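*Asks:* What follows is each chain in one-letter form.
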Amino acid sequence: MDSTTGQLRGPLRRLHHAALAEGATLIVLLGIAVPLKHLAGQPGLVTVMGPLHGLAFLYYLWTISNTAAGDDWTRADIARMVACAMVPFGAWFSIRLLRRKAAAQAGSAPR
Amino acid sequence: MIYLLLKASHIVALTIWIGGMLAQVLLLRTMPPGPGLRHVLDAAVRWDRRLVAPAMLLAWACGLALASIGHWFPSPWLSVKLALVVALSALHGVVSGSVRRMAGGAPASSALSRHAGTGILAGVTAIVLLVVLKP
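Chains as they are written, first to last, in our numbering: chain A, 1 to 111; chain B, 112 to 246.
Next up, chain A with everything else stripped away, as it sits in the complex (with noise of 0.2 Å):
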């Protein structure tokens, strides 16, 4: 791999680490919180877990908003991330469309 291929940079970073976040929270209250409080009958993760997740979610959804208007995104890339969000594991998808914009930011950079 190139040396500047899949490095993230600035509002690309930013993105990056929101849609972790945003994920590894969908994660944990999809597996681990929901199933935690319909089998087991203990709701406290939930609770907790709930309001976290919206909070990542909405970091995520700012933090494309403000990646796509300051980069000139087209809307198939953005409905792409927003969709992404929706499903679990698919901040393994956007991360990976992140890393392919930094490759090509990297490539049209002059040197």
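Simulated from the structure, these hints should not be mistaken for laboratory data. Bear in mind that the values here come from a model prediction, so they are computed numbers and not experimental data. It cannot be assumed that every hint is accurate.
Partial list, computed: chain A residues near chain B (C-beta under 7 Å) [to be verified]:
#1 P51
#2 G54
#3 L55
#4 L58
#5 W62
#6 S65
#7 N66
#8 A69
#9 G70
Derived coverage of chain B by chain A (criterion: at least 3 residues anywhere in the stretch with Cβ under 8 Å from a Cβ of chain A; other residues may be distant) [claimed, not checked]:
#10 162-174
#11 208-214
Yeah, the Cβ is synthetic: ideal placement off N, Cα and C, and Gly gets one too.
We have chain A; now place chain B onto it with these hints.
*Replies:* For chain B alone, kept in the frame of chain A given last:
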């Protein structure tokens, strides 16, 4: 006491967030294109990163905590309010991203700079009405 402190923090954070957004919209509307006043746009980008965006995060966190304490999540008014908050947050993302883009030398979108201020004020008015009246 915790509820009142959260409420006060929520209002302060919201005031800073909305004030910051309106200032950014004013910049988008009034800044002439060209590199002449780029330092003003750079300062606005830093201001957003250090003050306005953290204020938005604090407003979200305090708001979610207040809704949890008040057991308001099932209420329809809160669902409408949350949708408006998501829309305002997205609008802030677009406005602050546009300021960053303008600082890089690109022209501002005229449609955004013309209508964003109205959208922000309409959103905030609807949110305050929903919170106060709790219909």
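*Asks:* Run every hint past the structure and note whether it holds.
*Replies:* Evaluation of the provided hints:
no., hint, result
1, P51, "holds, 4 Å"
2, G54, "holds, 6 Å"
3, L55, "holds, 6 Å"
4, L58, "holds, 5 Å"
5, W62, "holds, 5 Å"
6, S65, "holds, 3 Å"
7, N66, "holds, 4 Å"
8, A69, "holds, 3 Å"
9, G70, "holds, 4 Å"
10, 162-174, "holds (count 5)"
11, 208-214, "holds (count 4)"
Of the numbered hints stated above, none is contradicted by the structure.
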